Structures are given as C-alpha cells and as structure tokens.
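**Q** Chains as they are written, first to last, in this note's numbering: chain A, 1 to 413; chain B, 1 to 110.
Since the hints were made in silico from the structure, they are not lab data.
Some clues are possibly wrong.
Here are the simulated DSS-like cross-link-like pairs (lysine-lysine), alpha carbons at most 27 Å apart as the crow flies [to be verified]: (1) B/Lys94 x B/Lys110; (2) B/Lys88 x B/Lys73; (3) B/Lys73 x B/Lys30; (4) A/Lys271 x A/Lys372; (5) B/Lys30 x A/Lys175; (6) B/Lys82 x B/Lys110; (7) A/Lys271 x A/Lys175; (8) A/Lys271 x B/Lys82; (9) A/Lys271 x B/Lys88; (10) B/Lys30 x A/Lys292; (11) B/Lys94 x B/Lys82; (12) A/Lys292 x B/Lys82; (13) B/Lys94 x B/Lys73; (14) A/Lys41 x A/Lys309; (15) A/Lys184 x A/Lys271; (16) A/Lys292 x B/Lys73; (17) A/Lys41 x B/Lys110.
Here the structure is a predicted model, which is why all the values come from computation and not from measurement.
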Amino acid sequence: MVTEKAFLSHSLSCRRQFLGSAGAATLALTSAPALADTVVKLLLPGGPDERPMTTAFPQKGALILQRTRPPLLETPFEVFDQSVLTPNDRFFVRWHLAVIPTAVNVDTFRLTVHGHVNQTLSLSLNDILALPRVELVAINQCSGNSRGYFQPRVPGGEWSHGAMGNARWTGVRLKDVLDRAGVKAGAIQVRFNGMDEPVVPDEPDFMKSLDIDHARDGEVMLAYAMNGEQLPLLNGFPLRLIVPGWYSTYWVKMLNDIEVLDQPDTNYWTKTAYTIPDTPRANIRPGETDVKFVPISRMVPRSFITNIKEGDALQVGASTLARGIAFGGDSGVSRVDFSSDGGRSWQAAALGTDEGKYSFRQWQHRFTPPTKGDQVMMVRCTSSGGEAQPDTPNWNPSGFMRNVIERTAVVVA
Amino acid sequence: MARTLLPIALVVGVAFAPVCARAESQLSLKSVSVDLPPGDDMFPNGPGADAINNNCLACHSADMVLNQPALSKAQWHAEVDKMRTAYKAPIDPKDADAILNYLVSVKGVK
Numbered sequence: 001m002v003t004e005k006a007f008l009s010h011s012l013s014c015r016r017q018f019l020g021s022a023g024a025a026t027l028a029l030t031s032a033p034a035l036a037d038t039v040v041k042l043l044l045p046g047g048p049d050e051r052p053m054t055t056a057f058p059q060k061g062a063l064i065l066q067r068t069r070p071p072l073l074e075t076p077f078e079v080f081d082q083s084v085l086t087p088n089d090r091f092f093v094r095w096h097l098a099v100i101p102t103a104v105n106v107d108t109f110r111l112t113v114h115g116h117v118n119q120t121l122s123l124s125l126n127d128i129l130a131l132p133r134v135e136l137v138a139i140n141q142c143s144g145n146s147r148g149y150f151q152p153r154v155p156g157g158e159w160s161h162g163a164m165g166n167a168r169w170t171g172v173r174l175k176d177v178l179d180r181a182g183v184k185a186g187a188i189q190v191r192f193n194g195m196d197e198p199v200v201p202d203e204p205d206f207m208k209s210l211d212i213d214h215a216r217d218g219e220v221m222l223a224y225a226m227n228g229e230q231l232p233l234l235n236g237f238p239l240r241l242i243v244p245g246w247y248s249t250y251w252v253k254m255l256n257d258i259e260v261l262d263q264p265d266t267n268y269w270t271k272t273a274y275t276i277p278d279t280p281r282a283n284i285r286p287g288e289t290d291v292k293f294v295p296i297s298r299m300v301p302r303s304f305i306t307n308i309k310e311g312d313a314l315q316v317g318a319s320t321l322a323r324g325i326a327f328g329g330d331s332g333v334s335r336v337d338f339s340s341d342g343g344r345s346w347q348a349a350a351l352g353t354d355e356g357k358y359s360f361r362q363w364q365h366r367f368t369p370p371t372k373g374d375q376v377m378m379v380r381c382t383s384s385g386g387e388a389q390p391d392t393p394n395w396n397p398s399g400f401m402r403n404v405i406e407r408t409a410v411v412v413a
Numbered sequence: 001m002a003r004t005l006l007p008i009a010l011v012v013g014v015a016f017a018p019v020c021a022r023a024e025s026q027l028s029l030k031s032v033s034v035d036l037p038p039g040d041d042m043f044p045n046g047p048g049a050d051a052i053n054n055n056c057l058a059c060h061s062a063d064m065v066l067n068q069p070a071l072s073k074a075q076w077h078a079e080v081d082k083m084r085t086a087y088k089a090p091i092d093p094k095d096a097d098a099i100l101n102y103l104v105s106v107k108g109v110k
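Using the sequences and the hints given, assemble the complete structure.
**A** Structure follows, in structure tokens:
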C-alpha cells in the first residue's frame, strides 16, 4: 500500500554552499570502494535487466551501474520522488570517450575561445567568475533516456528512465563570452570541445556544435555550479555547457575549447552521431529505409509517477495520493492529467511550484481505487507549447526521444 | 488540493531563497583529484573470448556489451563494423570474425 508522505520529503535545501577545502581534500583520499552487491531490476522487455548498484564513483552516491568505463551511471528512480532538484551525488553520468582527466587544477585551467572571432581568448576560471552571473533550473536528459523500453530493442546504453536530472545551474551566458571574443560576420556555428579524449588516434574527439543564433540566444550558459556547489568531476567540472530544452548530448562536459566556425560543422559527433529520423516524433517503422536523418535537438514532453511503482498494491476504497514529475521539453508544463483506469478517464492533477519552463514540475492527484483487480496508472503532460504526450511509443534505430505516456501496473486489493 | 500544495511552496521558499543568497557570496572553486574504477573485468569464457578481450576492452568495459539485449547476427555485425569504421578501433579482420562469433554465441537471439 502506498502511504502519503510530505511532498519534497528530502529537499536539497541546505547543501547549497560550495564545497569547502575539507570536502575537496577528502575526495582524493577516498579510493574507489568495492561495488555494492545490491542488484536492481529495471523491467526491460526481454532482459537482461539486472544491474548492480554502485558507490564506487568519486563524488557520487548510490547509482545504477550501466557501464564502468567510460562511466554510464543511472539515477535510481526513487530519487525523483524526493525532490524537484536532483542531488549532485545522485545525478546521472554519461561519457563517450574513455580518457577522462581525473584531476583538474582550478588555477591552471583555461577556456580557449577561438576561430572566427576578433580576438582569441584564454580565460581562467576567475575571469569567468567575474562575468555577469546567471542562474537557471534546467533538465539534463540523455537522448537515449528509457532506451531499454524500445520494442524491438535497440543497441546502446540500456537505460531505464533515470538518464535525466534537474538542477539549478549557475554560471555565465555563452553570449557574454562570445561577445568578449567578438564574433566576426559570417559565423555559422559554434563548436564545443571538452577535456576528454579518444583512446585510439583516429577516433573522433567528442565535440558538439550549435548554430550561431542559438549560441547567442542569451539562454545557453557555461555553468560552474550545480545546485549551488561546484560540479562533480563526472558531471563536467569545472565548466559545462547548458543548452536549456535540448538533449544532454549538447551539454559538453569539462568544456575547455569553444571554436566559432564560418562553415557548418562536419565532425562525426555533430553530423553523423545523434541523428534522428526527420519525421514526427522521430518515429519510423523498424526496418524502414529511405529515411532522412537530422541531428537531434529539442526535448519533448514527458511525465512520470514517482511514488507508485510497477506491481505495487493499492487498497480498494482508500483515498490514495499519486504524485510525480513532468516537463514540457523545450517549453513549460501547461497541464498534467492522471488516469487510474488505464486511460479510460483522465483527471487534471495539481501542479507544484514553477521553477521555470526548463525544470521538472511536480504534480499530485488524489484518487480512490473503486474496485479490486489489476489496474494501470497513467500520467500525461501537455506542454505550454500545446504538445501532449502520445498514446503510442515512437521507434527509431538509436532509441532516441521516447516520450510515450508511461504505464504503471498495480494491484488493487 | 490547494491546501495540499501549500507546503510545497513553503518548503521551496523557505529552504532555497536564503541559502541561495549565501552561496552567491561564497562562490569559489576548488581543485579536484579523483580515482575512477578501472572497469577491467574480462568477458566470460566462450569461443572467441580472447579476441574480444584483446580488442574491445581498451575503449570500454565488458559490462556495456553484456547489458545489451539479445541481438541478431546482422545487428552484432553492424555494431562491430561501427566500432571499426566510426570509432576507428584497430581490429584485425580475422579478429573481427571471432568477435562476431563470440557475440552471436553469448549475446545472440536464441
């Protein structure tokens, strides 16, 4: 049976100061402990769906181990029931290349801004901290979040729903940095590169590009803080690109190189990888050919129940609280509807505090299961752009952009 | 419903606003040095295990492969091909066949 607890039972409230020197010093001494022997079942169709929980990664608490090297670490879903902001030590982790610097010196770190600009910049962290400070709550979600639920299954990181997180990002506008360098006329895109490196010589370095107008829209940020603390190294310390409303692949970690281009970027990670069918909802039939693929971009609406799990037992005739999170993608949440009868009827849920259009929005709804038996709970988000989650799942060969209305089967007894 | 939501606003308002202001004045970044787990476990025994251990573990740990769903031979072929052509893994063609056979036998559609 599901019992009611206070909304936001564990808030992030008082951990928002920056790490003190004591905190940083202990990090180096904490060598990786053995992997925890707890196993979590992700209910992926056809399996394998058991994953170890791990506490072996620095500055990180218990996470689901999808891949050890380079790390793919998933946020256990119950974390999303505990606060609207995802704690830094439970925030998911995803790296592409295995050569990840394990030490960053804040005194010698430099961000280079070069290419089609009037003057090349080499900015220290103090230079960046001196620029006007901005703050934004935004969701960082992997393009392939929930890939493990695609049917037929597709290769890739076999995530459940925890390859996402929501944080308050503090930093500077990319526009302000670009203005300091002085973008020359004819600039087309801006390319971002981090400190991670390929293992083999010809392997493409991980870089992503944004169109120049997007880069200068005043919302794209370079973040040096996440929920009021410096970023965990595995989330991109000391600087991470924040691209509100767009998938995580653009949010380059350990960002140390910005290049303004006067030609469209043709590098592998921008042009070839992370592409989706140029169709509504990036949806095609398995095996369909002759499809045009384009780079993935903006996110789409999603919503989840966070306090009732698949297989939970609910009490017939008892007033029951359902609650969870929703987001609009690249716009806010207009409404959230809840169904306790498999989608036959829907009721509007109450929405929690609005932390901004790029944030998770909490919702809740009270209902009374009328009859005994198997039942399916569903929740549907409609964005402020008027886009509602669909009834049927999309499919594409990379397992990107899932946003079907999710179903949670329960037993009423 | 309005009553049940009220505490949210209170929690957020009280907990976040004053602490934010404090963080503003204490903004400083500290150098970090960490260790990452090696992720050097070998693949389970099977025909071609040597080939997959020798060629694949340089760039990623074995758990990524073992966590994949059962895939057809054509799908595994495409994966090995992608590692060679897109990510430039220097895999000898003879080893590529052995790796494919291993994947089909250990992680193939049954």
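**Q** Of the numbered hints stated previously, which ones are contradicted by the structure, given in increasing order?
**A** Per hint list: 3, 4 and 10 violated.
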